[in-house]
Amino acid sequence: MARQIGDVILDLRNISLSFGGVKALTDISFDVREHEIRAIIGPNGAGKSSMLNVINGVYHPQQGEIIFQGAHRKDMNTHEAAAAGFARTFQNIALFKGMSVLDNLMTGRNLKMRCNFLQHALWWGAAKREELAHRRKVEEVIDFLEIEHIRKTPVGRLPYGLQKRVELGRALAAEPSMLLLDEPMAGMNVEEKQDMCRFILDVNDQFGTTIVLIEHDMGVVMDISDRVVVLDYGKKIGDGVPDEVKNNPEVIAAYLGTQH
Amino acid sequence: MQFFFEVLIGGLLSGVMYSLVALGFVLIFKASGVFNFAQGAMVYFAALSVVGCMEKGAPLWLALILAFGIMTLLGIATEKFVLRKMVNQPPIALFMATIGLSFFIDGFAPLLWGNEVRPLDIGLVDEPIPWILDSYNIVVSKFDLVAAGLALALVALLALFFQYTRVGRALRAVADDHQAALSIGIPLQHIWALVWAVAGFVALVAGMLWGSRNGVQFALTFTALKALPVLILGGFTSVPGAIVGGLIIGASEKLAEIYIPPVLAGWFGGNFGGIEGWFPYVMALLFLLVRPEGLFGEKHIDRV
Amino acid sequence: MIYRETGQFKTSYAADQQIFPIRQDRVGIGILLAVAFLVVPAVAGNYWFNAILIPFLIFSLAALGLNILTGYAGQLSLGSAAFMAVGAYAAYNFQVRVEGMPVLLSFVLAGLTAAGVGILFGLPSLRIKGFYLAVATLAAQFFIVWCLTKFPYLSNNSSSGVISVPGVEILGFKFDTPASRYLLVLSIVVALALLAKNMVRSSTGRAWMAVRDMDVAAEVIGIRLMRTKLLAFAVSSFYCGVAGALYAFCYLGSVEPDGFSLDLSFKILFMIIVGGVGSIMGSFLGAAFILLLPIFLDISLPALAGLLGLPFDGATVSHIQLMVFGALIMFFLIVEPHGLARLWQIGKEKLRLWPFPH
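Chains as they are written, first to last, in the working numbering: chain A, 1 to 260; chain B, 1 to 304; chain C, 1 to 358.
So that you can see chain A by itself, here it is in the shape it has in the complex (with noise of 0.2 Å):
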């Protein structure tokens, strides 16, 4: 592979989250570096989509410590994680259901359009152009996941498995430099899960888009991440590389269960 991994871009120190008297997270630190494939596993329940919630600020956490682009802060925005690169898919999907694809996707580039609500009313000179020219990079987006057919299809009449390809659609489209992606491959039949795994490496690979993802099919996991962690009850049970992980009794008896 072309993509050399690079420095740590991304440190979470001691990160601990709790709702109410329920403790979510308790303790956590890992690190995410440049262009690499991290994955968060475990089992239902142990705080993995919660750590997504974490890094891109949905959630702020009590306790603990964000390094991120070499600043100390307690928690993350989700505006400034949008703006710094962010970009994320949902275990439940989260499209805007009644908007097209086309739609969906160019929402995905909000962040990236400067023009106001009274240039877009006239329609006039620069928001026509930036509107075009986002249309453009959307168009790239659509062409490289294959989803061209159903452009201006309403997402809601969609099967599950085109709504999830949509979905990272409007992840890419925000050119991410950092891709959280939460159960991509869940539901999905053999032959979905193939192309989605091929869009995943073919992302981190074409654009050096550093991926942290959760998924529970192991054989999927072990293959193409480059780094495990692995959480059980909100906490840290193991951490490094596939064969590493693969091999860790505690990780084996909370989740693997047999050795692979």
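No wet-lab data here; the hints were simulated from the structure.
There's no promise every hint is true.
Straight-line alpha carbon distances no greater than 27 Å define the calculated DSSO-like cross-link-like pairs of lysine-lysine that follow [said to hold, decoys possible]:
no.: 1; chain 1: A; residue 1: LYS112; chain 2: C; residue 2: LYS197
no.: 2; chain 1: A; residue 1: LYS74; chain 2: A; residue 2: LYS23
no.: 3; chain 1: A; residue 1: LYS152; chain 2: C; residue 2: LYS197
no.: 4; chain 1: A; residue 1: LYS74; chain 2: A; residue 2: LYS97
no.: 5; chain 1: C; residue 1: LYS10; chain 2: A; residue 2: LYS152
no.: 6; chain 1: B; residue 1: LYS85; chain 2: C; residue 2: LYS129
Partner residues are not named here, just some residues of chain A that face chain C (Cβ under 10 Å, in silico) [claimed, not checked]:
no.: 7; residue: ASP11
no.: 8; residue: GLY57
no.: 9; residue: ALA82
no.: 10; residue: PHE86
no.: 11; residue: ALA87
no.: 12; residue: LEU95
no.: 13; residue: GLY108
no.: 14; residue: LEU118
no.: 15; residue: TRP124
no.: 16; residue: ALA171
no.: 17; residue: ILE252
no.: 18; residue: ALA253
For each residue, glycine too, the CB sits at the ideal point set by N, CA and C.
Based on these hints, arrange chains B and C on the given structure of chain A.
Below, chains B and C alone, put in the same frame as chain A:
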């Protein structure tokens, strides 16, 4: 000071009436997740049905039973023709549908029973209680006190019904989780129809009390709208919330009506009456900014 | 001409992103506008202008305003009439108090005033949604109408807040005939509808819809919820405000605060439900439907009763009207939640395929 207490007590007691209407909202919201805007129209319809039956010669008790029957039919029809057909729609669509329902009832009720303002006599007089007037020199309406007692009795009755009957248990199960209730064989649609009937009963009691106080008229539906700020204050899912919210709204709007206009008149000159028309809403709005889930409501955490 | 897009290839994204990408639609809308601007003024009588066309256009504008807020940004409001009131009274005050104020400028200022008030009452939307917000907007409805009734300054010291607006005059031309007022209203409404369409098809509109469909995801994309919602409130109230100003200046001539009642707010809400939530064209269809329905009932019900030999009075008509409104709303929400606009679209899609079923 005496005057203050008189206003306060009067406000609290009339707040009980708001609580009664709010109670109907809470019941339906808990059981079906529907925010029933038509509750006010149901109050009007129930009161009108009682008066209508009595005009046709039925004694009060029979009129009450007949009116309850009508409210039950309304509940069943609503479930069958509206709610059942909208199961997969977002709550806001259901809410708008109940606005439609309230228009429908607002037209249907007077079409059935006539629209002139009519008195409703349930044997209660609106006069001060003598011994309180004598010993504390405060006017407390006998009517209001009985109404408050009746409201409390109704709440107690509902609590018992929910706690100790089979149907009550099923209702609580449905309120907790529709899917789970369905999966253990609770007939969701019957329960919804039933809950609408119970809400109809609550509307009937509220309609009787409001009606015998102010006459049975279309304006009842507007008075009943005040139950909405009550709900915001108390939380949409809490029966105690509906009661406490009603008391707070009742007391505060009466106090506001008495004490704010003179102040405004002092500043700007002119007449500033009618504050109670908007005060509960603005208060609820300000309250929302501080505590969106209401006094007794549950805090909602968005899961993604 | 057959309704087909076959053979109309788009060679640029600009061509694909037109408001009406299909040629037949462009021709159709051109004809419609030509009829509205040229034919109607020549043939319609005063009754048509005063009782149907002018109120239709004004309510379309108000419905459009509510549709921006509710249909596109997903924030339900039950206070549209109050924002119309703000517009009407603001325009009146600018006209009466500022010497030589151009009428059109006072309309714009009225819209801006309404937008300001809209932002104020939109603030709770940052913390609450759905029916909580709907209840909060009731506060706007009751409070604003009360203020207009009670503060004499706002109605230039007229009794109980009734205002009689001065005549409309632009650059020395007096809009004193119904036809001229119709043309003025038509021009304003068409222009504002075009601006609205442009907004909703650009990133402004996409941000609104994103917030409507899935606010958490919108936030993660970097859409600022506060700015987006408040902008929706502002733009929506601007439209309602201008509609209110036109309502006073070009339709009634004299208005009172109580005229902008909760009932009117509901009527506007019904227009967008029937016409199509989240559709510019739906606002127009809904306004036409809701305005024409009572006229239709007024004419047909007594005739029907006479035919059947039933006793009939005016109150009955109004009761049946309420019932029909209520039933219609429920019917549309159950059967076609996207309203007439969606039916229109389905019709067009069928036509596109005709005479083959697929």
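Query raised in the report: So which of those numbered hints doesn't the model satisfy?
Result: Violated hints: 4, 7, 17, 18; rest satisfied.
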